[in-house]
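Based on these hints, arrange chain C on the given structure of chain U.
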Amino acid sequence: MLKCQRGTEYHHMRYSHTVAIVLGPKSRFATTPTITLAILTLFLLFNLIASPVKAESLSQSKPIRIGITPVILNEKTQFLHEWATYLEAHLAQPVAFVQQDSYGKITTPLLKGELDFAWICGYPYVQHQRLLDLIAIPLYKGKPRYQSYLIVSNLDIKTHSLLDLKDTVFAYSDPNSNSGYLYAQYSLKKANKNPESFFKQTFFTWQHKNTVEAVAIGLAQAGIIDGYIWETMKKQHHPLIAKTRVAHKSVTFAFPPVVASNNVASHLRNKLQHVLLSMDKETQGRRLLKQLNIEGFTPGTAQLFDDILKMHLFIENRELKTENREHVAP
Amino acid sequence: MLLRNISYRYKLPLCMILAAALTAVFATMVVSWQYYSYSKHNITVQSQELGNSMRDMLTWALNHKDIWHAYTLLRGDEENALATPKHTFILLDEQQTIFASNQPTRFPTGTPVSGLTTVSSTFLNALKNIVNMQQPKEISTEQNMLSSIPLLSDNLVIGSLVIADSYESVSTLYNRVSIQGLLVILMTISILAPLAWFWGKHIVNPLLDLESCILKVGKELIDNIQCLAPNDEDEIGRLSRHFQNMVNDLKEKSKLEHQVMKSDRLAAVGTLAAGVAHEINNPLAGMILATNTYKQCCISPNCKQREDARESIALVQRGLAQIQETVSALLTNVNLNTSLIANLKEKSLTRVDIEDIYKLVMHKSRTKSIAFNWKNDIHNTIVIPSTSIRQILINLLLNAIHATDSQGHIDCHIRTDDRSLLMTIKNDEQYLKWFYLYRLINLNQGLSTKDSQLRKGEQ
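Going down the list, the sequences are from chains U and C.
Just so you know, we're using this note's numbering here: the first sequence kicks off at 129 and counts up by one.
Just so you know, we're using this note's numbering here: the second sequence kicks off at 2 and counts up by one.
Hints were generated in silico from the structure; no laboratory data involved.
All of these numbers come straight from a predicted model, not from anything done at the bench.
We treat Cβ as the ideally placed atom computed from N, Cα and C, and that holds for glycine.
Each hint should be verified, as a subset may be incorrect.
One-sided excerpt, in silico: chain U residues whose CB lies under 10 Å from chain C [as the list claims (entries may be wrong)]:
#1 Phe207
#2 His209
#3 Phe331
#4 Asn338
#5 Ile345
#6 Thr380
Here chain U stands alone, though its shape is the one from the complex (with noise of 0.2 Å):
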């Protein structure tokens, strides 16, 4: 029995094309093995003619690839596809999003030109702004600026602020994450506190969402997330924000933006700059932007990422000093 197989696979953000010929061990050809051989011989000619095609064709239709990072609800899978196939129809263009658990895994290909935009936090945009090109930002309540929020257990009523947390187990959502990283240590740092001694002990979650867990469920006292998964999983009666408290709110920052690596071509980019800033003026566009929690994309400048800017700037200066290490940001 002779079995063919074709299939396209992405893995770790890898493109293959794979064509595999499976010779069944009870095929009735083993048995009249010219005959076999004529066929197979055919197969291998008709594969050798129409690989140069086929690969051509594939190339033309490589799609746009779309890294996802826990800026948002990223487990929305039925989500992801009707948006691909939302911006297929209006790129005329494959698109494959590729999702990660942490903002690294998505920072680090996209920086390479393994993928050609990405939904990434203000803090990696401002560590690799000359890397990176602004496509666009979120608009989240009309503005594209979002909080960071520090969440406590509904049992804590005391807490409510950061220094309120000495030697307890913090939780941070990602070292990359601005609103769930960054603002924490920059708060620490401006009161004159050792981030690395406040508490009695951190670690990362790598999800804004499981940030609310670890607190919820008491893994840890307190964590900092971003406000707009926060408020998401609350407009979404997600059971475990029932058990957390915002004890404090950050000032607004820059939304985490939609960025383009360097390395994609500039009509490319443009066409998805305008199919991002076009999805609120389309019926399906606003209902995937409704089920986003936000109202839709605004080109935006690096100028509204300055704050995050001044708060890596502020810490890589100490660290500088400390440690004698030069920082990427510009």
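Same frame as chain U, but now just chain C:
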């Protein structure tokens, strides 16, 4: 004790239900206990297998200080975050400090084992004894089973995973299984009870019928008792048939008794008639003799024996009186047999009765010119039936006269001793001695037995 007083109609179904219920309860208890033991063992094995499967990943998390990673491993599915876990996992580092747990509230991260305040002292002691062992170890407490799996990195113990399984969940399961078993028993009994009731009725009804029949014996006429014996070959069937046979025997006996009674009554009537005839016949014989005497006296022109005639009339009168008494007794008494006999019994032998006999037979002896030597030594009343004695004496004397030639000689001596009435009649050649034994007199035997009471003696 209470069951003893209850009818089998109720006792049998109750016992059937009770036996079924006890069997079901026992079976449920055994199954539940087996389930409990198996569940305890199974939970421990499951948790250890689970712990072993997580060992490498937890070692990695310990080495990398990744609390969240360790927690997600211990937690399992995300849906379990707010649920009560089936197993309690406690990941400890080499300093015996809690690194992560799937119950962070009970086992807070960063808390040394010795500083735990959220668990019982028993649990805490068990936990202290089990941590940081080089080999897997198990400790049982009253409420928990603790298993320890050491976590090794490059042959060094860097921590341990403690798995605590509460028996409470197993007990809850045990109780649930037991309650479900009891519910099933109740449902079974609710189905079984009507069946037991029906079967009990079916089995016991023949016994109740038999009891009803037995109770009729003695209260009702045996001929009215009708019992249908079942054809079954069981004990009740056999007993019913035996009883039916007994009833049939009783009926047969009753029938026979009826027939015997009827025969006895007929015999008694015959005996009575014979007795009455005899009672009438006895005086008639005397009266015939008396009338013959009177006839001869009256025919004779020179009837010299006026005195004899007068006495003959007196004899006839007494005979008629005797007949009247007998007939009166028959008329006035309902129970002819006993009353008549009683009347007759009361008539005892007197000297006059003896003398009457002499007078009756004397005329006969004169016709043959027989010399009659008469000696009557009876002076007191003797309590024996006079009629029988009179008849015997008349017959004896008439036989003696008949057997004696003309011009012959007859001696007759009537006397008594302490025990007997002796009547000695002798002619020329021989003499006869008749005696009547007092002691043989049995009044209850009536007139029909008089012959057997005579003994003929010869001297």
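Structure-based check of all given hints:
Nearest Cβ of chain C to the Cβ of Phe207/U: about 18 Å, over the 10 Å cut. The hint is violated. A least Cβ separation of about 21 Å between His209/U and chain C goes past the 10 Å threshold, and the interface hint is therefore violated. Restraint check, Phe331/U versus chain C: the minimum CB separation of about 4 Å is within 10 Å; hint holds. The beta carbon of Asn338/U comes within 6 Å of a beta carbon in chain C, closer than 10 Å, and the hint placing it at the interface holds.
Checking Ile345/U against chain C by beta carbon gives a least distance of about 5 Å; that is within 10 Å, so the hint holds. Interface hint status for Thr380/U: violated, as the beta-carbon distance to the closest one in chain C is roughly 28 Å, over 10 Å.
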